[in-house]
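Peer 1: Sequence:
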Amino acid sequence: IHFKGIEALSIFQLNDGAELNIIGEEADIVDKLEADPSIIEEGLRVLRREQATNSGYIDLFCEDRNGVTVIVEVKRTAITHNAVYQLEAYLVDFKKKNHKAAIRGILCAPRISEMAKTLMAEKGLEYKQIEYDFELSDKKQKSLENF
Numbered sequence: 001i002h003f004k005g006i007e008a009l010s011i012f013q014l015n016d017g018a019e020l021n022i023i024g025e026e027a028d029i030v031d032k033l034e035a036d037p038s039i040i041e042e043g044l045r046v047l048r049r050e051q052a053t054n055s056g057y058i059d060l061f062c063e064d065r066n067g068v069t070v071i072v073e074v075k076r077t078a079i080t081h082n083a084v085y086q087l088e089a090y091l092v093d094f095k096k097k098n099h100k101a102a103i104r105g106i107l108c109a110p111r112i113s114e115m116a117k118t119l120m121a122e123k124g125l126e127y128k129q130i131e132y133d134f135e136l137s138d139k140k141q142k143s144l145e146n147f
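Take the sequence shown: its letters are residues 1 to 147, numbered as in the numbering used here.
Accuracy of the hints is not assured; some may be wrong.
FRET-style restraints, in silico, Cβ to Cβ [said to hold, decoys possible]:
#1 Glu7 with Tyr132: 44 to 52 Å
#2 Asn15 with Ile130: 21 to 29 Å
#3 Asn15 with Ala121: 48 to 56 Å
#4 Ile1 with Val68: 53 to 61 Å
#5 Lys96 with Lys128: 21 to 29 Å
Derived pair list, reagent style BS3-like, types lysine-lysine, alpha-carbon separation capped at 30 Å [stated by the list, open to error]:
#6 Lys117 with Lys96
#7 Lys123 with Lys100
#8 Lys117 with Lys128
#9 Lys123 with Lys95
#10 Lys128 with Lys95
#11 Lys32 with Lys4
If you're looking for bench data, these hints aren't it; they were derived computationally from the structure. Glycine included, C-beta positions come from ideal geometry on N, C-alpha and C.
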């Protein structure tokens, strides 16, 4: 950026001394699901977290009670068609290496768009609605409206 002229310049260092703890990120949700996969499905067992594929990293690589591989993708907001294609790519990557293995794909989020719901049904994928209530110590995290 080039300025033709500067009329005033002020520099302020702001420090209120308060500690800000951000919680409720996607990683926090994955932590909760990894600690208790029954939130998604009874009998589900997490084998690995952040499993690498050619298309990216699978949030939770699991096995269901019947021994079927389950790939779980987590979103902290509504599932869109992009998330559906992301999960489908993980399934394709897995199938390339394990041609005959049974596999399921589950998207976990608090909401899903109608377009994504239709697309998931067409592709044989599953949706699990997850609600989460994150707490910081004994008090709930303040929203921006509280500041």
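Peer 1: Just tell me: holds or violated, for the beta carbon distance of Lys96 and Lys128 against 21 to 29 Å?
Peer 2: 25 Å, holds
Peer 1: Is Lys123 close enough to Lys100, meaning Cα to Cα at most 30 Å?
Peer 2: At roughly 18 Å apart (the allowed maximum being 30 Å), Lys100 and Lys123 satisfy the hint.
Peer 1: Could you grab the alpha-carbon distance between Lys123 and Lys95 and see if it respects the 30 Å cut-off?
Peer 2: Answer holds: Lys123 to Lys95 is near 14 Å, not above 30 Å.
Peer 1: Measuring from beta carbon to beta carbon, are Asn15 and Ile130 in 21 to 29 Å?
Peer 2: 37 Å, violated
Peer 1: Could you grab the alpha-carbon distance between Lys117 and Lys128 and see if it respects the 30 Å cut-off?
Peer 2: This hinted pair holds, its Cα atoms lying about 11 Å apart.
Peer 1: Kindly confirm whether 53 to 61 Å is satisfied by the beta carbon distance between Ile1 and Val68.
Peer 2: 56 Å, holds
Peer 1: Is 48 to 56 Å respected by the C-beta to C-beta distance linking Asn15 and Ala121?
Peer 2: 52 Å, holds
Peer 1: Take the C-alpha atoms of Lys128 and Lys95, compute the straight-line distance between them, and say whether it is at most 30 Å.
Peer 2: Holds - the C-alpha atoms of Lys95 and Lys128 are around 22 Å apart, at most 30 Å.
Peer 1: Would the pair Lys117 and Lys96 pass a check requiring their Cα atoms to be no farther apart than 30 Å?
Peer 2: The hint holds at about 26 Å.
Peer 1: If you draw a straight line from the CA of Lys32 to the CA of Lys4, is it 30 Å or shorter?
Peer 2: 54 Å, violated
Peer 1: If I claimed the Cβ atoms of Glu7 and Tyr132 lie 44 to 52 Å apart, would that claim hold in this structure?
Peer 2: The hint (44 to 52 Å, Cβ to Cβ) holds, given that Glu7 and Tyr132 are roughly 49 Å apart.
Comparing the model with each earlier hint shows violations of hints 2, 11; every other hint is respected.
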